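Trainee: Read off the chains here:
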Amino acid sequence: MNGVHDMGGMHGMGPIQPEHDEPVFHAHWEGRVFAMVRAMGAWGKWNIDASRHQRELIPPAEYLRMSYYEKWLAGLLELMVKNGLLTRAEIATGRASPTAPPKAQPALPAEKVAPFTAKGSPANRATRGAPLFRQGDAIRTRNINPVGHTRLPRYARAKRGVIDRVHGTFVFPDTNASFQGENPQPLYSVRFGARELWGEQAADRDCVYIDLWESYLEHCDANNNTS
Amino acid sequence: MSDHDHDDGDHQQAPPSDLALRVAALESLLVEKGLVDPAALDALVDTYEHRIGPRNGAKVVARAWVDPAYKTRLLNDATAAIAELGFGGLQGEHMVAVENTPQVHNLVVCTLCSCYPLPILGLPPVWYKSAPYRSRAVLDPRGVLEELGLTLAPETEIRVWDSTAEIRYLVVPERPAGTEHLSEDQLAELVTRDSMIGAARATPPKPKPKDPA
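Sequences listed follow chains P and G, in order. So the mapping is simple: this note's numbering equals the position in the first sequence, first residue as 1, plus 1307. So the mapping is simple: this note's numbering equals the position in the second sequence, first residue as 1, plus 12.
Partial pick of chain P residues on the chain G-facing surface, computed with a CB cut under 10 Å:
hint : residue
1    : D1313
2    : P1325
3    : L1393
4    : N1431
The hints are simulated quantities; they were obtained by calculation from the structure and are not laboratory data. Given the structure is predicted, the values throughout are model-derived calculations rather than measurements. We put the beta carbon where it would ideally sit given N, CA and C, even for glycine.
For reference, chain P alone in the conformation it holds in the complex:
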């Protein structure tokens, strides 16, 4: 979706404000939100792409106003309600509904935190068939504007680039976020010249590398003399 989360290339967001000796969490509640997002994710009712998309759906003015973990909290609440783990009435009252199912066993007990963190959730999948592009191939990104989740940033649509490396086959976020399947695809690191993205104001030798899935890309005829 063409949301305000897709920030690459925007102006007017103000100065960068590094903080000396920054704490990991700025308040107790931030750590609890972080941990609840991880612990609730362990129920397997949604996935990382759906979780990211839920935060993108925060209305733009709210998205820009909220602190980072406020956005995480807002996204978590929506995901829990949508997936039947909580009701809005329960959130409002802070009490389990009298008609709620019997008390559950947490999906992520304390003793599983260390193995869960150490193992992670790899997003690569078995490769089926050869990737369409090879290192050095000239490509052009498609000009797509899906209303749902995508990882092709607006600033990199309809731009020419070169395949820098082939990462392997990875879960496709655009369909996974809406529970329409993992549809694994080849994933590439694509190099774009800064001038292709930003015009003459950019330095000639600078570049931006973006990880892009195969269906975002098409062969670029104009530069096809590399093969």
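Place chain G on chain P using the hints.
Mentor: The following block gives chain G in isolation, referenced to the frame of chain P:
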């Protein structure tokens, strides 16, 4: 809401008390329903406050500085090389390492959200997740680095890595001059979090105490 609003809205040091109360109420509700184990939440917070952080990444970089064979493995297959030192897992399942040289400077950003290599750097700082950095790092990396206190030579090639997938990036900063006498552990102390994002250089070594003033 808070008594000081910054431009990006992400620098909140005094959250509204109702937010803290809402989070506490949510946690007790989830515990009441058996959906979360409060001890698991404690363990998750403790993991990122005390166990996983940029000291992990600093060990990787220091090893790469002293061991050329390790550096080659790191640049060829970062996930495996980082696992050699015992690091990996959640949000670092697929790693790529990129090396800064006198000619090339690498900088990492996530323009779409906040992707960051957790197992080696811990949780990202607020500025990395903020709108000012996410918006301008790809558009004006030289200006962004100046703003962060790092001035590059005009002829340096800047490579910005936008973390749009589940690949996580580690920048291997240049080893500072005058560090030939330092041990691997001493070198690791020069490797800052920001230098592994590409937002700073590694810290220069302290002058030897015997040097005349």
